[in-house]
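Novice: Protein chains in written order, with UniProt numbering: chain A, 1 to 392; chain B, 1 to 392; chain C, 1 to 341; chain D, 1 to 341.
Treat the hints with care, as some may be off.
Calculated cross-link-like contacts (lysine-lysine; reagent style DSS-like; alpha-carbon spacing at most 30 angstroms) [as the list claims (entries may be wrong)]:
| # | chain 1 | residue 1 | chain 2 | residue 2 |
| --- | --- | --- | --- | --- |
| 1 | A | LYS306 | A | LYS250 |
| 2 | A | LYS92 | A | LYS220 |
| 3 | B | LYS92 | B | LYS220 |
| 4 | B | LYS220 | B | LYS383 |
| 5 | A | LYS306 | B | LYS306 |
| 6 | B | LYS91 | B | LYS9 |
| 7 | A | LYS220 | A | LYS91 |
| 8 | A | LYS383 | B | LYS392 |
| 9 | A | LYS9 | A | LYS92 |
| 10 | B | LYS91 | B | LYS220 |
| 11 | A | LYS392 | B | LYS383 |
| 12 | A | LYS388 | A | LYS220 |
| 13 | A | LYS383 | B | LYS383 |
| 14 | A | LYS383 | B | LYS388 |
| 15 | A | LYS383 | A | LYS220 |
| 16 | A | LYS9 | A | LYS91 |
| 17 | B | LYS392 | B | LYS220 |
| 18 | B | LYS383 | A | LYS388 |
Simulated from the structure, these hints should not be mistaken for laboratory data. Predicted, not measured: the structure shown is a model, and the values here were computed from it.
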Amino acid sequence: MDADALRAKAREFVANQPTTDRLEFLRARFDAGLAWVHFPEGLGGLGAPRALQSVVDTELAGTPDNDPRRIGIGLGMAAPTILRFGSDEVKKRFLRPLWTGEEIWCQLFSEPGAGSDLAAVGTRARRENGRDGDDWLLTGQKVWTSSAHTARFAILLARTDPDLPKHQGLSYFILDMDQPGVEVRPLRQITGEAEFNEVFLTDARIPDAHRLGAVGEGWKVAQTTLMNERVAIGGNAAPRESGMLGAVAKTWRENPDRHTSALHDRLLRHWVDAEAMRLAGQRLRQQLAAGAPGPEGSAMKLGFAKLSQALSGLEVELMAEDGLRYDDWTLRRPDLVDFTGRGPGYRYLRAKGNSIEGGTSEILRNIIAERVLGLPSEPRVDKDVAWKDLPK
Amino acid sequence: MDADALRAKAREFVANQPTTDRLEFLRARFDAGLAWVHFPEGLGGLGAPRALQSVVDTELAGTPDNDPRRIGIGLGMAAPTILRFGSDEVKKRFLRPLWTGEEIWCQLFSEPGAGSDLAAVGTRARRENGRDGDDWLLTGQKVWTSSAHTARFAILLARTDPDLPKHQGLSYFILDMDQPGVEVRPLRQITGEAEFNEVFLTDARIPDAHRLGAVGEGWKVAQTTLMNERVAIGGNAAPRESGMLGAVAKTWRENPDRHTSALHDRLLRHWVDAEAMRLAGQRLRQQLAAGAPGPEGSAMKLGFAKLSQALSGLEVELMAEDGLRYDDWTLRRPDLVDFTGRGPGYRYLRAKGNSIEGGTSEILRNIIAERVLGLPSEPRVDKDVAWKDLPK
Amino acid sequence: MSATLIYSEVEEDLRASVRDLLADHASPAAVLARCESDQPYDLELWRLLGEMGATTLHVPEELGGQGASMRETAVVLEELGRSVAPVPFLGSAVLASAVFTVLGEPVPSETATLVVPFSSWQPVFSSGPVRSVADATVASLFIVPVSTPDGPELHLASSATVTPVTSLDLTRPVADVTVSESTVLARGADASNALRVALLTGAGLLASEQVGIAERCLFDTVAYLRERHQFGRAVGSFQALKHRLADLYQELVTARAAARYAADALATGEDVEIAVAVAAAHCSDVAVHAAEEAVQLHGGIGMTWEHPAHLFLKRAKADQLALGTPDRHRAALAELVDLRL
Amino acid sequence: MSATLIYSEVEEDLRASVRDLLADHASPAAVLARCESDQPYDLELWRLLGEMGATTLHVPEELGGQGASMRETAVVLEELGRSVAPVPFLGSAVLASAVFTVLGEPVPSETATLVVPFSSWQPVFSSGPVRSVADATVASLFIVPVSTPDGPELHLASSATVTPVTSLDLTRPVADVTVSESTVLARGADASNALRVALLTGAGLLASEQVGIAERCLFDTVAYLRERHQFGRAVGSFQALKHRLADLYQELVTARAAARYAADALATGEDVEIAVAVAAAHCSDVAVHAAEEAVQLHGGIGMTWEHPAHLFLKRAKADQLALGTPDRHRAALAELVDLRL
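If we strip away everything but chain A, and leave its shape as in the complex, we get (with noise of 0.2 angstroms):
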């Protein structure tokens, strides 16, 4: 199918609206292949390549649709993954209410002793005979859950053979959050709010057949939600001085009594870094067009992170005995984080998980030195011990 071909379609699709009523609309569309053009007919597409959503997303702007953060983990992580590995029966089920937005999804990878090392993880997955065959029994204990108090199901990584290697021993699966043995928990943050969870499983039931992949091949599983996560981070144009510089130049220019050339130096340092930042989104973002993705995405994530810590370090100390203050340390549950919305001191506070959220700084460093730079790795002394011997 062209581009023609599909516009064609896609204003048929809207000449013909079949309701005003969203979620209905919705699942037209994904019943029409107009959802996401590269998935299968039948599973919301066309089987088109990817480049051409851009044809549908035109036609169909200003149609009912979904808050695409609301569904981002759905979309971004659990769909190519579900796409990828699962059964004809768990696509049928899972992936039209994941896009209308029917069914919100969680992602429950990271836990207390497994951040950075993600494939340490263990929450311990134990097979027992259910009534309709094959269950899983998990106990553990997730972290850094965002949306997991308003998710249906959760995509998930635990461990089913503690005997082997670390890779070796994990296995892939969709869990009903909407279950006795799956206890959320807000967990609060520096800056007061609680925006992620905890998730405390304990016997928690899934079928086997919501398996995706192999017993044991988890962890390759788990790759193709990441390498997903990855590409979605840093997508978007953003106009000069948007976002964190916008919120602190703004401050600098309502502020002239507070100036010092001190700070006007280090302003405008960042000012230049945020402003070759974003060119290089762009640069970024003209290279994937072109179909030649450059590797220079992590750079952009940790480039972020530096830039916008140093943007509200400087905030704060600009305001002085505002900068003293903060706005509110109410223990909230925000939806999105929003850098412009509150003050000087949130900006600071919060600008520090950047460097932690989705890949460590110091993780993204490994990857562009190994992958990018082709520099050695370091000697590896966890590859060929099993899982319950290494140190914890």
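Start from chain A and add chains B, C and D according to the hints.
Specialist: Chains B, C and D only, in chain A's frame:
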């Protein structure tokens, strides 16, 4: 021997000054045990506590003396090693002319393939029966040797057994530089100067009597040498705004038309850092004097390198069109490094060596992390491998 | 004669006593719990510090103090920084106390504070409400710089309208203060000088608190990274982290020397202005750097409210603004050492 | 419509041709040997670059050029930076050429230079000798900004007293220039504008040279650290070094984007001033950082004259001063984006 007795002895020696000839005076001082009071009697000392040396130095101030920099390697590195590991004959033969400056010493440790990893030295020492008993024949290349072109003797680390792991196959020797198998070539640096040398050894001969420590124990002997080197660094009290900072501050004051506010704050940052470094040096010396040496020495060297590089980089920028010029690229062989005697470009380039010479900043950080902070070492891959089988 | 920058035995004994007390009263868990209580200050701890004489060390005996010096007070501040103990020490035992001492007035036993924005770095006499005053909510005496038609005056008030403010630093919150009734404590040059000395003293001693913060952050991080394992290794064995901690150690070494020098200068009265500017400029940034590295190198756990790392981060960042940001102190230094723009 | 920041196929082909030429003529060994010869410039290489049209890419065809754009010239400069090739490209093909082009004058085939201190960042018209002029020793045409009683003028001279100067940058030495006889090329606002545009163009394109320097330094260091072994491991496997190189890579990524944007802005004439200020401020420091890391991470060998690392360090440091230090460009930016002090 206590301070009073020592003071009396020193006064008596000065009062009965045997000669005005520098060399004769120094020999007499050595023979009187007033060279280094903590050395044994008959070897230039009196077996007194090291701390009492200052009593002698005070009393003998103004009497004929050596340039301590000229004989620094001999005093700081060779002498303590000879004292600890040399036979009686070796001590008798070498310590007196070393201390009087009649014989200059150099140190032949580093090699092109053994820099930070000093224990990897590959200069080969093979045994041969010579006329006067056992001799060793040495072949290999040494590098970064200061004073090699003026030195009569060298302390040297060489490999006597390549089949052992690297730390175990080394031995430590005294090499007579005045022989055909020793070729000294100037090693030109990025400043244009050649402060150092390369030394090529081709069957250079060493009598076995000039080995220090047992065969295979060269690494242990070298530790004595290096420990004394580290103590020697950064030991001098400096007035405020001296050294590199003094030079750059002078340039700043002399060039008011070149000031910018951004450079101003950078300069002030460096001024603060330099003053804090100076105070830290003062504090370290007070700790030593109080008999409680702290582990801060490595941190001082690390900080000094950072600071001198930052300051000199700033100075070149400040000088704008004059920063584009250089004073002299002529290959020269200076006896001493003088940061203040030359131009900003020289200071900038020479300061780059501060984070390499005498232990790179990277090695210093390892040392601080492991020995001061107690962080674990990295996995080692070279401990139990024969030297000859190590990747090179 | 160069200043003594090492700790004396007496100072080490003092440190040990204070550290013992803080171990009992200001554990991380206790401090964290108190942050969110009705009374963010630990008044019991504050009383005990007073009882052991730690709050009046540098006050001459004839003014009611211990007759020691700023050096000893600085040691107490190092320890308070190490535990981010929620006591009004800086506001009362340093800032207010300095005003009384300079003026030769007996130092009252009540908790006092100096009613200036905590970010002040130079004497300003104004009128009306004052924003972001440190340690005001538990003060019962208020020293107020007032601009009058007759010139600057320092006033003393025994009551004030104190409005607590949601503060970045959970362990030393600020408040807005309005004073209505007050008596004159000093006038003219005396008033200006007393305020100037108090701010200098505060900035110079704050450096010791910052050294305490930096030290605690560094060594807690080292301890955590020795225990925490990832990839089958202690995380503290990864070279990139080791090098960052080594750099931090280097900063701590210089920060301690600068802070000690400032304390000694405040004790002797020699070279005070340069010593304070250097210490304030240097130690502020070192403490923030150490606290930021602590949060980062603790990984996810350092981002959580339940871990104490954020208490140090917030204190360090607030301290960076307190009594003059580093760039203000560098600007002051430029004049003092003739490195003008 | 956003600027195209990726390289076109034509640009990549151009890069390949120039890189081939430079591989033959400007190997590190050749460049190092030439530094100390009687003629530090490689005039044969310069001639060949001219023959292939690389020196007049952005010059309109009607003025004797290739009618391409600054984007292509920037690609040539990246390659010249990668090899620190000793040719008078920046002085002649960029600075002088920009003056002729702005004035609508045919660009002469002789090697030309703009007689301003190479550190200039804003138009200055003066009289008398000019210090530290780039690429002057091999020029046979001199464009001279002259201050006259009638206002600023640009003069053209076919001879000058050129005194070579011992230069920090061995591969692009500066010289002092005195011009006695000259003819008027432009007057008043035309002269000012042409000089302003030439300096902007120079600073904007220099950023591409700096990207080339940074790239070469980074990747040569990576290659060396893969081969060099210490402690039984490739030195490049040590995490602290890997992280520093990753940071450098991040800087290179942003530097390339900034330099490409400046080249594109110079090609289209849109957003030129901001684009140049950003590129000049950012890329100058990135190139210096990369060259400094290259020297350090090569260990001892990087400190020796025989290794080419110092050629890049000296070029990078000189380039940081050239056509305005980063802080000058940031100061210019402050006005352009309304972030005033």
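Novice: The structure should be examined with respect to each hint, and the outcome stated for every one.
Specialist: Evaluated hints:
1. A:LYS306 with A:LYS250: Between A:LYS306 and A:LYS250 the Cα gap is close to 20 angstroms, so the pair holds against 30 angstroms.
2. A:LYS92 with A:LYS220: 23 angstroms, holds
3. B:LYS92 with B:LYS220: 23 angstroms, holds
4. B:LYS220 with B:LYS383: 15 angstroms, holds
5. A:LYS306 with B:LYS306: 21 angstroms, holds
6. B:LYS91 with B:LYS9: At roughly 24 angstroms apart (the allowed maximum being 30 angstroms), B:LYS9 and B:LYS91 satisfy the hint.
7. A:LYS220 with A:LYS91: It holds: about 19 angstroms lies between the C-alpha atoms, which stays within 30 angstroms.
8. A:LYS383 with B:LYS392: Answer holds: A:LYS383 to B:LYS392 is near 25 angstroms, not above 30 angstroms.
9. A:LYS9 with A:LYS92: Judged against 30 angstroms, a Cα distance of about 23 angstroms means the pair holds.
10. B:LYS91 with B:LYS220: 19 angstroms, holds
11. A:LYS392 with B:LYS383: 25 angstroms, holds
12. A:LYS388 with A:LYS220: 20 angstroms, holds
13. A:LYS383 with B:LYS383: Holds. A:LYS383 to B:LYS383 sits at ~20 angstroms (cutoff 30 angstroms).
14. A:LYS383 with B:LYS388: 27 angstroms, holds
15. A:LYS383 with A:LYS220: Holds, at about 15 angstroms.
16. A:LYS9 with A:LYS91: 24 angstroms, holds
17. B:LYS392 with B:LYS220: 23 angstroms, holds
18. B:LYS383 with A:LYS388: 27 angstroms, holds
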